[in-house]
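Going down the list, the sequences are from chains A, B, C, D, E and F. What the first sequence shows, in this note's numbering, is residues 137 to 408, in sequence order. What the second sequence shows, in this note's numbering, is residues 137 to 408, in sequence order. What the third sequence shows, in this note's numbering, is residues 137 to 408, in sequence order. What the fourth sequence shows, in this note's numbering, is residues 137 to 408, in sequence order. What the fifth sequence shows, in this note's numbering, is residues 137 to 408, in sequence order. What the sixth sequence shows, in this note's numbering, is residues 137 to 408, in sequence order.
These aren't lab readings, by the way, just hints derived from the structure by calculation. No false leads were mixed into what you were given.
In this list, chains with the same sequence are indistinguishable; a pair is considered to hold if it fits within one copy or across any two.
Straight-line alpha carbon distances no greater than 30 Å define the calculated DSBU-like cross-link-like pairs of lysine-lysine that follow:
{"no.": "1", "residue 1": "K357", "residue 2": "K398"}
{"no.": "2", "residue 1": "K400", "residue 2": "K171"}
{"no.": "3", "residue 1": "K398", "residue 2": "K171"}
Protein chains: 6
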Amino acid sequence: MPHTSLHRTPMQGPAQILTDISDGIGTITLHHEAKRNALSEHMVQEMIQAFDQFKQADVRVAILRALPGIKVWSAGHDVTELPAGGHDPLSWQDSLRTLIREVEVFPGPVIALIEGGVWGGACELVFACDMVVATPEATFAATPAKLGVPYNVTGLLTFLNVAPPHIAKELLFTGRPMTAARLERQGVINGVVPAEHIGAHVFEMARTIAQNAPLAVSVMKEQLRILAGANAVSPGDFERIQSLRRVVYNSQDYAEGIQAFKEKRLPHYHGE
Amino acid sequence: MPHTSLHRTPMQGPAQILTDISDGIGTITLHHEAKRNALSEHMVQEMIQAFDQFKQADVRVAILRALPGIKVWSAGHDVTELPAGGHDPLSWQDSLRTLIREVEVFPGPVIALIEGGVWGGACELVFACDMVVATPEATFAATPAKLGVPYNVTGLLTFLNVAPPHIAKELLFTGRPMTAARLERQGVINGVVPAEHIGAHVFEMARTIAQNAPLAVSVMKEQLRILAGANAVSPGDFERIQSLRRVVYNSQDYAEGIQAFKEKRLPHYHGE
Amino acid sequence: MPHTSLHRTPMQGPAQILTDISDGIGTITLHHEAKRNALSEHMVQEMIQAFDQFKQADVRVAILRALPGIKVWSAGHDVTELPAGGHDPLSWQDSLRTLIREVEVFPGPVIALIEGGVWGGACELVFACDMVVATPEATFAATPAKLGVPYNVTGLLTFLNVAPPHIAKELLFTGRPMTAARLERQGVINGVVPAEHIGAHVFEMARTIAQNAPLAVSVMKEQLRILAGANAVSPGDFERIQSLRRVVYNSQDYAEGIQAFKEKRLPHYHGE
Amino acid sequence: MPHTSLHRTPMQGPAQILTDISDGIGTITLHHEAKRNALSEHMVQEMIQAFDQFKQADVRVAILRALPGIKVWSAGHDVTELPAGGHDPLSWQDSLRTLIREVEVFPGPVIALIEGGVWGGACELVFACDMVVATPEATFAATPAKLGVPYNVTGLLTFLNVAPPHIAKELLFTGRPMTAARLERQGVINGVVPAEHIGAHVFEMARTIAQNAPLAVSVMKEQLRILAGANAVSPGDFERIQSLRRVVYNSQDYAEGIQAFKEKRLPHYHGE
Amino acid sequence: MPHTSLHRTPMQGPAQILTDISDGIGTITLHHEAKRNALSEHMVQEMIQAFDQFKQADVRVAILRALPGIKVWSAGHDVTELPAGGHDPLSWQDSLRTLIREVEVFPGPVIALIEGGVWGGACELVFACDMVVATPEATFAATPAKLGVPYNVTGLLTFLNVAPPHIAKELLFTGRPMTAARLERQGVINGVVPAEHIGAHVFEMARTIAQNAPLAVSVMKEQLRILAGANAVSPGDFERIQSLRRVVYNSQDYAEGIQAFKEKRLPHYHGE
Amino acid sequence: MPHTSLHRTPMQGPAQILTDISDGIGTITLHHEAKRNALSEHMVQEMIQAFDQFKQADVRVAILRALPGIKVWSAGHDVTELPAGGHDPLSWQDSLRTLIREVEVFPGPVIALIEGGVWGGACELVFACDMVVATPEATFAATPAKLGVPYNVTGLLTFLNVAPPHIAKELLFTGRPMTAARLERQGVINGVVPAEHIGAHVFEMARTIAQNAPLAVSVMKEQLRILAGANAVSPGDFERIQSLRRVVYNSQDYAEGIQAFKEKRLPHYHGE
Ligand code: NI
Ligand code: NI
Ligand code: NI
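One chain only, chain A, in its complex shape (with noise of 0.2 Å):
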């Protein structure tokens, strides 16, 4: 990255990610490593304050990153702010979800620029970005089965639109880290660059797009969005599906995995 401040964003409480905009291409940093990164509401609303300043002064590209050298890119949802049993976890207004439609929506295209692990809910965060980059020791794991929690139709679609079926349910069915070179060979990443040399090549790519005509990008971003969102599912289809994840998040095993998460065990589950 060839610009070296990082100012923080002011905000009520610690700022939890740094900021940065330069040549046309603004830079968020997560930066809580104390939580791993963990997409806490703190965090996310930070990150939207942040769009909404990237779009005021007319910034083309964004990219979104954590510092260098970091272990945990992002642990992906904070599992402390997750409701228990009994209430939907992953609603129209949940954090994450509101972060996503943000990215989606943003009218440059944003790049992801991972080092480290990218756990959970953060998995389907790098994944909705436009682009991906990650250094050869990334690894990605998606863990809702892992934590027993019911994924949302939306969220799937992310998942089965950036990656070919069967490693979409590899992933989301084993919950086991993927390494960026498995990924990038899939065309779910676009590139696998040594730590080193990442921050420019990522800034180098951002300022090629960042060149070209802003409108003609904009637009285009806007229309594979909507195809991209174009699976219809039917009423009937829909109401069912919820009535299923209502069952697992009123579950035992719903309850045993935020719990045994919560106690760093391993969660023991029954189907029930």
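Following the hints, complete the assembly by docking chains B, C, D, E and F with the ligands onto the known chain A.
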């Protein structure tokens, strides 16, 4: 596979499959080598029974395989069971279609473990599984164009859902076998593992899934199934397609294709 | 290519393509090197005539190629034919769109054989073919963002149908050339073959298909076409998109992009 | 009704419906006047049993009615069974929804014979029948807006499918009863017949249908069901709607509506 | 009708229709009273020729009628032309389906002028016209359930598009004739006019349209056609429906219905 | 109307509407009789401001009306504001389209109260309201075919959503006025009430709705809006339609229609 004894499913006539349940993982082993594991009406009925048995036994993950060391995993449709010209060879009640729906709605993931050649309808069956792991020697050939059979829409959708369109077309239009290595590179299958390790590898994958929350896995599978089938076609387009398919199965070429197969010679087509 | 003589298609003005039929395989060779095989109105009309001629001659497979050893396979739209600002540059009657529909409804598979650079609209034309084989030196660049042209929805759907979304976005947002090797790895193209062998390789592929049952191949191609176009968009979304595109082709940047191209200089955009 | 004896369906607790089969025509008579035939869990279970019994007895047409001369055909949901705030009152497993699906998939037509008032959920049940005949005194009132209940999407689709949108909105937004004469004029119901003749009239209509080819009738009903449910909604829109509905059933107004109903007073709403 | 001379369309065998063009308005008069204007293959071919002739003559509006004073406007399908059991009686190439598509894509509005009875397939043909005007004595009967014929999806969509679902079901399930007055009241037809005035009334309506801007009318008709056919059905649902229809046309009841019709007796159905 | 004083909305230039809020009910009264309440850019902006003001004032129901006793409720588009040929006259940013979206997303129901003639674009505006009540003398005329204007898809969808297709086509193809009585009979409008009572009648209807639970009403309106817009059109069909519409607004007839209107003479069309 860590469990050695394989049990026969009780049924009239000699069984064509073996089934086994261990550690919450059910295994179906195709075992009708005399007919190269062709997907006969009889074998399909046994498989459907096995899936029912798995559901009652709370099986969390199913594995679909053939005997180790086999040359042909399955030859696909039993061509002798296809109707002569004048009737749709691939209707909703066709045994292959029924089996594929069974795989799709089975409440846990189904992993295909592939050694040897996978031909014709068996190719669709394998692609309809949730994950696929193969040995380096495995090959996949989609043969309807070779036989002159007009594939049906949901069948083609299975190919289009798991393979990039240019690759799906190469498979379907040439009918030539494609290697496991190539399909893995393009995200169509999940892994290539040498024959000596593949059993343990797949069983380990299944065990990982079986330890996750079963309800969460199950509802995600169902959501992905709905999304994958959501290619909405207008009634007008569909009836036109049915009509084009009818031209094919009423053609001389269709009769020639089946005849040539039975006489073990190359067909000679005129496009009529 | 086993057949050496290339015949000119009779038409007013010097022909811009060569055509040939042999063994039930029709070949169209772009042959307007002076204009880097730009897809002019004239060339497109010749290609449409050639496809008609192929249909009458019961051609089973078509090959679309340029002369061996060429540096630019096709430069895409003839920019001098694009309308000045204020009118949609990519409407349904646009010659490129007409040609692409012709490729999609041609009753047999169309294989693109690529040497050299493929730019802009030519990139979509090649991706709209049923299969693509390229030499290691071939590159593919989608340039609307460079020119400031708002691409249309069916055009973007061609990209989204054949490439993983993150890769499609990289192509479209950066406008930079992507290598054949990278596109093959991600399933966008079918093979990379050295220049000296590519002719024979593609002809062999075509011959394999031509020996299969033509009606079965033809109806599968049509079914896949219907399924690939089945991304249903609501009229409201569509009219909003048209309106966004109109903003683009009425913008100063659009005029600047075309002007800069004609003056062979880099455009300078302001997002207005 | 030409057949006078009505038989009780055996079940635990006093039966709330009567059933009868004669001439291939099954009749369900709501018979829980003490509760104004509210669609309690218990009554719905009995009706589902009755439809099962009809299927086993090869019933060709079903009639759904109340006792002759009744003032309230059905008061709709048993409001005391609705959940207090915080949970979706109209989920897929809701007894009304289950019953409506039962009516929709019953293999023969279901004719509603209406005397008296039809309120709330009963209004949707009647509209979901295949045909509706009413006495001149019958009235229909859709009351979710009066109670403050957020109706679900498939429920609203039932209204939108059978009534012109402006009429459906008047029913749903005002909550006021609409007369049979008005609904007949606009094609929402099939006929208005004086109380003394309505039984014979409906039975004659049923007999006409019962003499037609049962398989042809049955498959047409199923085709029309599929077409009527084919309003495809994008996952994003659906999740947003679910979220809006959640705001409603978490609101003070929702609690007030149910409370007021139980206290038999007018509710007082604040839009919060 | 202000124009008295009716010209025969030249064709092999005695003509079954009369055609006339005057003031930019083309009139097709069914004229095969011996067969009650049954929609035979021959008559349909003549009608398609007439529409072609109208297009070449820049006809702005077409009128479809029978001779004044006739008792049966059209008896619908020529039942003797329906296939015996085992083959789909209503495929895409069926002459009725072809004619209906011709009416739908004719560039100007088609007005049906109805005196007498309209039966079976003729009922769909009339509903597929853009407007319908009838005498008070006219009646409409949809008879597939009487004959045991499984109607196809686009055919049912024609009914569902023009009639409220409860009315469409009454028509289709009872097979009984419905009066013009009732259909006018519910918006299915546009007007009821006494026999002595109907010719002048319809011609005046046609003249009003013919004086409007033809291109604007034509594109609106096409837009409405697209919107009316936009009930998207998933491939899985469609193939299931085809399979249910196949059960019907393979049934004993189907054969019995056609046999009874030919023997001019009531059919006797068993649901098998 | 129980409230007598009407307040002017502050805005530059003389106000063209009056607004009033009373009992939670907001009323907009068109008041530009000199231009027959044509929907000018200026009037539309005032109406949008009024809806904003209503939202801030927690208005539960809006009434849209003209002054009592008026002869022309609204003449529709201000034809002098339509673009000359060569540009789409009905794009997404068109003031009528913007206003209609405003009506559709206003959180409470909007009731149109109609006296006098409703012409052209005003006809769509009225149909886009949630309910419509008219005096016996009111008439409705859809005039694009008279003017030669190619209507847009969402505009036609408004007609198709509220009127039976045969009636919608009669309105659109003839351009002739239809009476309130006829439209009420077919469910297109909600009631016909004599001029002396209509104000009180509509206000009473609004008050009934305003006493219901506002959140429940609001979410039902939004759900119905989504369902009504869910006619999914494929990108290919849409672009073809746009292209057909372009032919129309580039035609001589289009210019002639606008010219004739300005010169207050009948247009003379040639279909070119
Ligand atoms: Ni800085
Ligand atoms: Ni030659
Ligand atoms: Ni009895």
